[in-house]
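Peer 1: Assemble chains B, C and D onto chain A, guided by the hints.
Protein chains in written order, with my numbering: chain A, 4 to 236; chain B, 4 to 236; chain C, 4 to 236; chain D, 4 to 236.
Keep in mind that the hints were calculated from the coordinates and are not lab data.
All clues stand as given, with none of them false.
Where chains are identical, the list cannot tell them apart; a pair therefore holds if satisfied intra-copy or between any two copies.
Straight-line C-alpha distance at most 27 Å; calculated DSS-like pairs for lysine-lysine:
1. LYS218 to LYS88
2. LYS88 to LYS150
3. LYS223 to LYS150
Number of protein chains: 4
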Amino acid sequence: MRLAELREQVLEANLELVRRGLVLYTFGNLSGIDRNRALVAIKPSGVPYEKLTAAHLVITDLEGTLVEGDLRPSSDLLTHLALYKQFPNIGGVAHTHSEFATAWAQAETPIPCFGTTHADYFHGPVPVTEQLTGAQIAGAYELETGKEICRRFAELDPDSVPAVLVAGHAPFCWGPTPASAAHNAAIVEYVAKMAHHTLSINAEARPLARELHEKHFFRKHGRSAYYGQVEKQ
Amino acid sequence: MRLAELREQVLEANLELVRRGLVLYTFGNLSGIDRNRALVAIKPSGVPYEKLTAAHLVITDLEGTLVEGDLRPSSDLLTHLALYKQFPNIGGVAHTHSEFATAWAQAETPIPCFGTTHADYFHGPVPVTEQLTGAQIAGAYELETGKEICRRFAELDPDSVPAVLVAGHAPFCWGPTPASAAHNAAIVEYVAKMAHHTLSINAEARPLARELHEKHFFRKHGRSAYYGQVEKQ
Amino acid sequence: MRLAELREQVLEANLELVRRGLVLYTFGNLSGIDRNRALVAIKPSGVPYEKLTAAHLVITDLEGTLVEGDLRPSSDLLTHLALYKQFPNIGGVAHTHSEFATAWAQAETPIPCFGTTHADYFHGPVPVTEQLTGAQIAGAYELETGKEICRRFAELDPDSVPAVLVAGHAPFCWGPTPASAAHNAAIVEYVAKMAHHTLSINAEARPLARELHEKHFFRKHGRSAYYGQVEKQ
Amino acid sequence: MRLAELREQVLEANLELVRRGLVLYTFGNLSGIDRNRALVAIKPSGVPYEKLTAAHLVITDLEGTLVEGDLRPSSDLLTHLALYKQFPNIGGVAHTHSEFATAWAQAETPIPCFGTTHADYFHGPVPVTEQLTGAQIAGAYELETGKEICRRFAELDPDSVPAVLVAGHAPFCWGPTPASAAHNAAIVEYVAKMAHHTLSINAEARPLARELHEKHFFRKHGRSAYYGQVEKQ
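Isolated chain A (complex conformation) (with noise of 0.2 Å):
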């Protein structure tokens, strides 16, 4: 892949976002990697969507080093470059502060599985991290939260579960591609939003039982889904 290609992905992806209604002026953020190259592309800080074309977008390494650009990139490139280290199957990161979603890492509650529209895209409830600690908050801040992240995950697979809410802040979706990131965070928020509704109606509402979850998660993942038309060969 070209880096002209992944600029074009990364761009169009972070459009998505607008789109979708996910972010408000300048919130948010999008990524996605040049995995045999290691190099990552990222929205530059502060910048509004609406402006935003491929040629601003930031090329840096894993350590997160500067390789083409002359803006500053998104002040969460830390984090997204945590999680490209720990999970070696993604290919694009997407922070936002969609209302909902962001609204349940307020709460530092997960969002619970209520019904077969989070069972297709989450095997598992959406997890909330731990709130960092003053030591963390002090020092490499945006590196710890995506340390953060990973530790929240060191029992959960990360293509299974392709989201988190970090407490007290909002959620970081990822996927295979910049374009699945978007996706994956348009769904989180859907998500969250029906989860919130499902409470107000019925605040002892149930999980789904796990055989629905299963069936659902692996209707559309895996060697046995059948959601969706056969890709060609």
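Peer 2: Relative to chain A, chains B, C and D alone:
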């Protein structure tokens, strides 16, 4: 009715789901039936609505055997077919994950009739199915979902209550035509949203008096109806 | 005023209901009156707003006798007429099933005045009617609805409280012109929405102090009003 | 700065309130100040935004004396002027009745800082004023509203907390420019909405830890800020 006409009706009704904000990405599916030929046209699985054309629709018989089309039908096809077999007057079936109706399904709570908007369309609460058992889920899941809906309607009239909430899943709606199935999907969402707000304002809100429920339902349905314009003969 | 002008005003005000998101499909209806000729123009029953033209509007006298038009008038015509007869200063009536105002009607709860937005328009809470009795429902239902609204206003001033919630049904709003009736329908929805959120944040929220309620109402209404521009003579 | 430029900035910032969905009809108003000349440009009272031009804006001095313009200034002018006098660094003031911020004002509850979105903008909760007394309301009401805001900020820094909720009324926001005042009005609404949802999910939600609040605020503000791009000199 020619199949081309059925395809057009089903395409148009699928697009109505998009226009009314009832579907996200490829969620949801809508079908229509030609009763004379016992053929069903349904949305293909996982195809984005913005790219959908009449030619993409899949034609099957009532057993789900492919009659026309290169794409896989919606994974929920067997649920639709079960409804067509059991409910002889319906001509279209719509399935969405619209946010408030899905929240009621996830809360496993029937939508009470709190007002005349509901009464205009549903002669009773919008019912919710039983949870499927592990055996049903492990078996022909989508067919079992259809059977469970039919079981829930053993003592209900599907022509007077043209929607159901599948527990932990989402609504299925229907009507005499594909267009009316889409229309009812929009109404269920609207009624679900207002019922949510009603409970939020007054947790002790009481269902509409039976007389008023009947009055509104029969103002719009049956031989004494006087809403709308007299159809020209 | 020529009837053509009344038709234009009533058409435009009906379309304002659409622009403000207050109606779904054919829900709702709005009328206007020519007091000199005692003729009312009202939306026909069940006609979609997107196809509505001034020529579709139905003209009746105050008893509901058709004067002009080929279509059936709104099924709520007799409710409108009851209001025109009882409230001498009103020139337009709007009826919607807008989502939050309808939720309050379904909750059978008057909308308390929680803030100055409400106080700017309503000199008191937005009242809710009594439930109709079985006899009222079985009789001339729409006329009885109008009478029940008038009964609710026996000790209220309809010019200072230009809206009501019909219990288990939805709001009716009015004003000196068709445009103001539509405007008030939008305001009732906005006020209803904010009152819902207010209670959700603080279940013990208290109504606005009487002095502040009066201050805001009379800043906009009556001889001491100083909001807006002085009308040119 | 020429007055023509101030007019353009104030017009544009007023229109930003519309684009962000913060105002309904003629609700709300936004002003800007030329500190050198001590002149304020403000929206006229009751003029619809869609018809608003730079020439409609009203120019007054800090006592409210009309300097330019044929229209009446916003009825809230004296509130704006009180803020300009007391808060020396602000260049714009925005007042809206945006739905969630107004709901918090109506609930007479400060908006707690539940997350980093809030912390990015406000160095503390968004405060709420005391209710005005009957005497204040009967007197120079709009001036008294401004004084009450200033009183609430006796021990707060308006540059670090650029918004307030007027009890039973709605938010006032400000910033170094008219554009930043409009921006902060959008942020307050967004933060208010997410705080509402947070409480709805978890009534026991706890405010953000002080360290994280500080970290995010100073990531964007002051000499150590590192969010966004370095301004070119």
